[in-house]
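Peer 1: Single-letter residue listing:
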Amino acid sequence: MNSDVLVRVSGLHKSFGDSEVLKGIDFEVNRGEVVAIIGPSGSGKTTMLRCVNLLERPTAGRIEVDSRVLCEELPDGSMSFSKKAEIRAIREHVGMVFQRFNLFPHFTALENVIEAPMAVKGLSRSDAEARAHELLESVGLGHKADSYPLQLSGGQQQRVAIARALAMDPALMLFDEVTSSVDPELAGEILQVMKRLAQEGMTMLVVTHEMGFAAEVADRVLFIDHGLIVEEGSAKQVLANPKNARTRAFLRAVLERAPMAEEGDPAPEPAGSSAPGLSQIVEGSDDVEQ
Amino acid sequence: MDWDVVLESFPLIWKGASKTLSLFAWSLAFGTLAGLAVALMKLSTTKSVSRFATLFSWLFRGIPLLILLFFAFFALPEVGWLLSPFWAAVLGLSLWTAAYQAEVIRSGIIAVDLGQTEASDALGMTRSHSMKRIILPQGIRIMLPPFTSNATTLLKQTSLATLVTVPEMTLLTQRIFSNNFKFIEPIFVLAMIYLAMTTVLVVGQQIAERAFRLKT
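Sequence order for the protein chains is X and A.
According to the numbering used here, the first sequence is numbered sequentially starting from 1.
According to the numbering used here, the second sequence is numbered sequentially starting from 1001.
Keep in mind the hints are simulated off the structure, nothing from the lab.
Don't be surprised by glycine CBs; every beta carbon is placed ideally from N, CA and C.
Warning: the hint list may mix true and false statements.
[Stated by the list, open to error] Per the computed footprint, the stretches of chain X lying under chain A, defined by three or more beta-carbons under 8 Å from a beta-carbon of chain A, are: (1) 13-22; (2) 81-93; (3) 141-152.
[As the list claims (entries may be wrong)] Which chain A residues stay away from chain X? Per the calculated CB distances, all over 12 Å, these: (4) 1013; (5) 1053; (6) 1116; (7) 1207.
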């Protein structure tokens, strides 16, 4: 067993009723690695992320975080999930940031950050507050400690949410389209914080539509479509020189806002398939072969 | 008009009013606690637990309150459970209140955004901690208006305890008019006292709503 592997997911399936959203996902995340998950809307990327801390319960497959098994398939094919306490113990070390912030609206920014460290880790109020002030300072919101979530902008709320997750000293951070519900001009302040976290060596699994961020910060990119990882590789390779026709079509749709071909449509011609515009976001992409 | 009748009987009315208030307070306290328990049971993923809660609210919302009071006062002694008129009335009123408040509390809980539970889960909080600190405090804001309206109904329905011989306000007022054959004044005063009491509840609701309003 390689102890450098923090997250190990294999054979992950998830169905909601009759619709199968994940159809057999395998991937690993190494300690200190930043992995971006991209893909069209409805491809299953958010569901996949939510399986990693069991906010969604897989219908099949095995998930291991930090050498602890969250769920696995028994020989008879049924699923075995860890006990509630074990799942909580794992979640303690897995921070999550949501698309819609999910801050506690009846608590101030500071109270949002100290609640879990006090309740779950048993920190004293003064220790928790000292740490929370540090964290709020680090996301540029030291002066907003006593503000309530609804008094903050979307960008500020999301940065409080990041501070709240970091307060648990997580080994892994999950980001679920964290810039999708803020105004575009506020996304930058969130991405800035995430970029700094990545530089500090945080292990991050990032579902995103921010191709610029993925290109700049991610070590690896997974492209998901229809519940399967269609393409996987370095950010440079996947974003600038995608091998798969679906990946190319998706990137063209995102970068040029061109409509994306539906499944069953003939695959877009590879001509000029490395979508124009990519070279602006992927450094050194001028050596991309056609 | 002969208000002297009322003035002379003031000590009696006062005694009745305090009995009415203690019937109300005990029944609201027991009813709300039991209602919270029933609401949480109804939300349980354990089938037998949620079924029991469903049965409870079906039963005690479906039977007239007066019949519940009769049951507690007349029927229970026959099976060896003798309660004083006051506690028999509290029992009936509490069960009835619990059934209604359970639905109010449950609706307040399920109205809180699911993202709040998910955020609590993701932080590793226990479900009971997130219920106590995250979900219920937000749900209360939603529960307050229907909760108060149930409480107002309860306050007025304590008058039914007259029929199981609890010497509360309505019973004692009847004593005034059966002694004096004056009806208008005592009934008017009785109505005004109930109105004053329910007004306090409504004002209390407004104050509570302000306290639980989210700061924007």
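Peer 1: Please write out, lowest number first, the hints stated earlier that are contradicted by the structure.
Peer 2: Numbers 1, 6 - these are the hints that the structure violates, sorted from lowest upward.
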